[in-house]
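Note that the protein sequences, when read in sequence, are chains A and B.
If you count the first sequence from 1, position 231 lands on 535 in my numbering, and the numbers rise without skipping.
If you count the second sequence from 1, position 32 lands on 84 in my numbering, and the numbers rise without skipping.
Quick caveat, the hints were computed from the structure, so don't treat them as lab data.
Accuracy of the hints is not assured; some may be wrong.
As the list claims (entries may be wrong) - Label pairs and their computed distance ranges (CB to CB):
| no. | chain 1 | residue 1 | chain 2 | residue 2 | range |
| --- | --- | --- | --- | --- | --- |
| 1 | B | F127 | A | R380 | 34 to 42 Å |
| 2 | B | P62 | A | G451 | 24 to 32 Å |
| 3 | B | S134 | A | T500 | 41 to 49 Å |
For each residue, glycine too, the CB sits at the ideal point set by N, CA and C.
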Amino acid sequence: MDRRQRLQRHRQRADQRRLRFLALSLLLAAGTALPQDSRKSGYEFMSRETQAMQNDDVTGPAVLYLLDGEALWKRRAGASDRSCADCHAAGLKGAAARYPTLHHGKLVNLEQRINACRTGQQKAAALPYESKELLALTAYVGRQSRGLPIQVETTGEHASYFEAGKRTFFRRQGQLNLACAQCHDDNAGRKLAGSTIPEAHPTGYPIYRLEWQGMGSLHRRFRNCLTGVRAENYALGSPEFVELELYLMWRARGMRIETPAVRP
Amino acid sequence: MARVVVSVPPSAKKGEVIEIRTLASHPMETGFRHTTTGELIPRDIITTLVCTYNGAEIFRAALHPAVSANPLVTFNTVATESGTLEFKWTGDNGYSVTASAPISVV
């Protein structure tokens, strides 16, 4: 066999492989939405060592933020000179499992709700989105809901926001022309380069992410993904992101809150 | 916020091997990274952690730029007598934090 024939054979085989891969992809794409009972939190895709970091409630890395959050919770702030603890003496158990939800006719997530309390009740300045303080306080509030099932409202006045979030999840975006669903529904559990693609259930936000060497919000994570597909990004706390957050929380309905989670 | 956490078993049997876990809040900036405009971000790391048991040094660690942010240092020692374990972290830019934990040995 001369060189040209060999090349020809090689090309044919490559084409066959590509066809087989395409057929398999189409098959997988046919069953889009994940069946509810087999859903997995990102926790289950992690190595045992990373899971141990999340399980460590005394010297886990997120503990530092929880302690800061606790201090902020008890610190008086603003013109009202009241702390979170002054009003919410019994804590906010379950709050993190219910957000995003409507507040004064506007869809807000937990971070924004905390800031609404700061500006409205405490008469203090809002904490900047993604600031260490807001992350710590959100983690502290989220921690109080650990183990509770996620249950967000999606009907009635919430329906239009929910539908918008759902559209975002299935809309192809960016130069790579990928929708969230193509990775996180169709190819979850498979590899993207060296990393396992998780199912994108926001069960543990804000998370301590090893790659970030610190705590970050769900919206920061969204921005990572959108940068990855080379799409134009939304701002942290933007309505589009909050709508997407609502859709993802519905998608993770019934799953347990893990806040603050550790992710690789 | 220069926050540290230490985990020492509150009580132990004499001669028992105990595990000590320490966690310090620190960015551990390596000194090798640049900003988007090309300026070098100066090094800012914890350089040493020393643990003393009733005044006697039982553990010392030198930390380097490759250590991750918020370093967790875990080590073992033998519980010899009741008293106090003292921890001291020192680092760049005058970073210095101390913590202590009591232990009762029976």
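Going down the list of hints, with the structure as the test:
1. B:F127 <-> A:R380: 34 to 42 Å: The hinted range 34 to 42 Å holds for F127 of chain B and R380 of chain A, with Cβ atoms some 40 Å apart.
2. B:P62 <-> A:G451: 24 to 32 Å: With a Cβ separation near 27 Å, P62 of chain B and G451 of chain A satisfy 24 to 32 Å, so the hint holds.
3. B:S134 <-> A:T500: 41 to 49 Å: Check passed, 48 Å falls within 41 to 49 Å.
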